[in-house]
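**Q** Each chain is listed here by its residues.
Number of protein chains: 2
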Amino acid sequence: MLEHGGRLRLAAQRYGIPLADWVDLSTGINPQAWPVPPLAPEVWQRLPETDDGLEAAAAAYYGSTQLLPVAGSQAAIQALPACFAPGRVITLAPTYAEHPHAWRGHALTALPGAEIDAAVGNADTLLLVQPNNPDGQRFSREQLLAWHADLAARGGRLIVDEAFLDAEPMASLVPLAGQPGLVVLRSVGKFFGLAGARVGFVFAEAALLEKLADRLGPWAVSGPARAVTAAALADTAWQAAARAQLAANSQRLAALLDQHGLGGGAGTALFQWRPRPDAARIHSQLAQQGILTRLFETPPGLRFGLPGNETEWARLAAALTRLRIL
Amino acid sequence: MLEHGGRLRLAAQRYGIPLADWVDLSTGINPQAWPVPPLAPEVWQRLPETDDGLEAAAAAYYGSTQLLPVAGSQAAIQALPACFAPGRVITLAPTYAEHPHAWRGHALTALPGAEIDAAVGNADTLLLVQPNNPDGQRFSREQLLAWHADLAARGGRLIVDEAFLDAEPMASLVPLAGQPGLVVLRSVGKFFGLAGARVGFVFAEAALLEKLADRLGPWAVSGPARAVTAAALADTAWQAAARAQLAANSQRLAALLDQHGLGGGAGTALFQWRPRPDAARIHSQLAQQGILTRLFETPPGLRFGLPGNETEWARLAAALTRLRIL
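If you read the sequences in order, they're chains A and B.
First residue of the first sequence: 1, per our numbering; consecutive thereafter.
First residue of the second sequence: 327, per our numbering; consecutive thereafter.
Hint data in this document are derived by calculation from the structure and do not stem from the laboratory.
Nothing here was measured: the structure is a model prediction, and the numbers come from that model.
Glycine included, C-beta positions come from ideal geometry on N, C-alpha and C.
Mixed in with the good hints, there may be bad ones.
Interface residues of chain B toward chain A, partial, derived using beta-carbon atoms under 10 Å [as the list claims (entries may be wrong)]:
1. GLY332
2. THR353
3. PRO364
4. TRP370
5. ARG372
6. GLY398
7. ALA405
8. PRO426
9. LEU471
10. ALA472
11. GLY522
12. VAL525
13. VAL547
14. ALA556
Away from chain B, derived, C-beta distances all over 12 Å, residues of chain A [to be verified]:
15. ILE17
16. GLU49
17. ALA56
18. THR109
19. ALA118
20. GLY136
21. LEU144
22. LEU145
23. GLY155
24. ALA225
25. PHE296
26. GLU297
27. ARG322
Please model the entire structure based on the sequences and the hints provided.
**A** Here it is in structure tokens:
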């Protein structure tokens, strides 16, 4: 299993700064989460059933009924590779590490975005995160559909992880779900800030959804998480406000980084990415000031999540002011 | 996937009785669940980490640190068969149907309890539910340890699902976890009445726990469920009271059934089992009166869960009085 979490605890030890004193920008999770209301006791007590409104709320929010709720998109990431015969798989490099890790039983090639088009013709599976984590890379809808057509015509598939797409007015491929060879993953962890709930959705053709459901078994998503997610997906007023706020905050973050010598990257509504050869040194300088960013080594870069309040914005601005960029 | 749930809805349709008017005795879940307190918002927002006290609370409650939390023991039931090379597997007949269903890629034999001892010598895996669901069948600790020794000596394994064991003063095998070839499953769904939380535990040797963790992936149990389970496992006062109450209620249920011509079965603290050739007819007579029991066909029998309050006890008693047993 890949190492996750505990980064804040490790940083607290390493830099001698108490846990409570950190500004944690190491995730891409909305720091202003959908507010969870008190829940009916029954959601804890009864086995979760599929008549509780979750599937309907998800179909309305995402725009397709070809869906399976899963315990976080991670559950689908784990289960998908075994649903297909071993084959040639292309992922983007860099991308969310759990994807290539899950497909290690297949013949895996990790390529920069510019090299994908030439390689798709020899692949069975193309797996993309759109927009990509950590670098915010995007492909046009036309490009994705062309790759899908090529793969599907040969019995292959395009898998698109849209975990970071909710917060932007980008075109999702979910409404096309049901077409052979198209799989789309969604998550309520990032945009809704409900990473602890462990709820995601797979959109795909019915036969694949059945195969996945059989692998994952009954009651894969907890009752409380189903109830909370159904309510969050139906809260269109909160969604509209959150989209506007995240877009503004992401622009504010980009401007702040640019202003302090950390320009030249890309991002999504939920994070900014700054590829830099000196990423490790800057990560360390920020950590010495209690600002935790996410350091990537190949290629070297820093991912900055959004500060959650004005105190955190001020802490970040002050720390950036003290950076020594060589 | 096996069909679960929806039984109450189907019964409501079939018998023309509104959902709210049923006494649902079709599960083996404690009707007086551990009371879930309000939760900190962070458990919904942050990715669950393993420093939140769940593992420690589970080790103290169950008596072993050789554990992996899973999203309900069902998650382990799904994942275990692929952790071993295909082999000869024995289950009890009858038993919880998800077990044999999960092992269908192996050479599976379902045997009555009396035939197991003679067959263990030719098996790689012996899989038992202790006490057994639905019939309450039990094996002595000495018997289980002898079978385990036999299997483990040949590189095989004994898997014991103790989902219904918490409520009784039976000897769990959990304290022996870590021994090669021993796997014990536990669940907080039944005794704690937290079936919606989807939390269970696997107790086994470290290498198997690692393999399972790798298959199930990170963040398998939701943050809110981890918090609730940690608190329930630490609430020894509630546990003691619940054990006494469940034992009393199970005896009361057995006596009530005996008194109305439904004697001669067995049970656990959470349900009573009545094997009867006329099970389907009695199930139907009770359903016509809004009492839902769980009907099993092979062998024919009825499983009665515990009524949750005096109104439900009175409804059950009245319905039993009106039974026409031929």
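**Q** Are the hints correct? Go through all of them and say.
**A** Against the structure, the hints come out as follows:
1. At a threshold of 10 Å, the smallest CB-CB gap from B/GLY332 to chain A is about 6 Å, leaving the interface hint in force.
2. Taking 10 Å as the C-beta contact cut-off toward chain A, the hint placing B/THR353 at the interface holds, the least distance being around 7 Å.
3. Annotation: B/PRO364 was flagged as interfacial toward chain A, and the flag holds, the nearest CB pair being 7 Å apart, inside 10 Å.
4. With a cut of 10 Å, the hint placing B/TRP370 at the interface with chain A holds, because the nearest CB-to-CB distance is about 5 Å.
5. The restraint placing B/ARG372 at the interface with chain A holds, with a minimum CB-CB distance near 5 Å, inside the 10 Å limit.
6. With 10 Å as the threshold, the beta carbon of B/GLY398 comes within range of chain A, its nearest partner Cβ sitting at about 6 Å, so the hint holds.
7. Because the beta carbon of B/ALA405 sits about 9 Å from the nearest beta carbon in chain A, less than 10 Å, this interface hint is met.
8. Given the 10 Å rule on beta carbons, the hint for B/PRO426 is violated: about 14 Å separates it from the nearest Cβ of chain A.
9. A hinted interface residue such as B/LEU471 counts as satisfied when its beta carbon comes closer than 10 Å to some beta carbon of chain A; here the least separation is about 30 Å, so the hint is violated.
10. A least Cβ separation of about 32 Å between B/ALA472 and chain A goes past the 10 Å threshold, and the interface hint is therefore violated.
11. For the restraint placing B/GLY522 at the interface with chain A, the shortest Cβ-Cβ distance is roughly 3 Å, inside the 10 Å limit, so the hint holds.
12. A distance limit of 10 Å between C-beta atoms decides the matter here; for B/VAL525 the minimum to chain A is near 8 Å, and the interface restraint holds.
13. Because the closest C-beta pair between B/VAL547 and chain A is about 8 Å apart, less than 10 Å, the hint holds.
14. A least Cβ separation of about 14 Å between B/ALA556 and chain A goes past the 10 Å threshold, and the interface hint is therefore violated.
15. Every C-beta of chain B lies more than 12 Å from that of A/ILE17, the closest at about 17 Å, which supports listing it as non-interface.
16. With a closest Cβ-Cβ approach of about 5 Å to chain B, A/GLU49 is found to fall inside the 12 Å limit, against its non-interface label.
17. For A/ALA56, the condition that its CB be more than 12 Å from all CB atoms of chain B holds, with the nearest at approximately 16 Å.
18. The beta carbon of A/THR109 is kept farther than 12 Å from every beta carbon of chain B, the shortest such distance being approximately 23 Å.
19. With a closest Cβ-Cβ approach of about 32 Å to chain B, A/ALA118 is found to remain outside the 12 Å limit, as its non-interface label requires.
20. Here A/GLY136 stays apart from chain B, with its beta-carbon at least about 21 Å from theirs, past the 12 Å limit.
21. Here A/LEU144 stays apart from chain B, with its beta-carbon at least about 26 Å from theirs, past the 12 Å limit.
22. The Cβ of A/LEU145 sits about 30 Å from the closest Cβ of chain B, beyond the 12 Å cut-off, so the non-interface label holds.
23. For A/GLY155, the condition that its CB be more than 12 Å from all CB atoms of chain B holds, with the nearest at approximately 24 Å.
24. Residue placement check: A/ALA225 does not keep its beta carbon more than 12 Å from all beta carbons of chain B (closest about 5 Å).
25. At the 12 Å boundary, the C-beta of A/PHE296 stays outside the reach of chain B, the nearest C-beta of that chain being 18 Å off.
26. At the 12 Å boundary, the C-beta of A/GLU297 stays outside the reach of chain B, the nearest C-beta of that chain being 20 Å off.
27. At the 12 Å boundary, the C-beta of A/ARG322 stays outside the reach of chain B, the nearest C-beta of that chain being 28 Å off.
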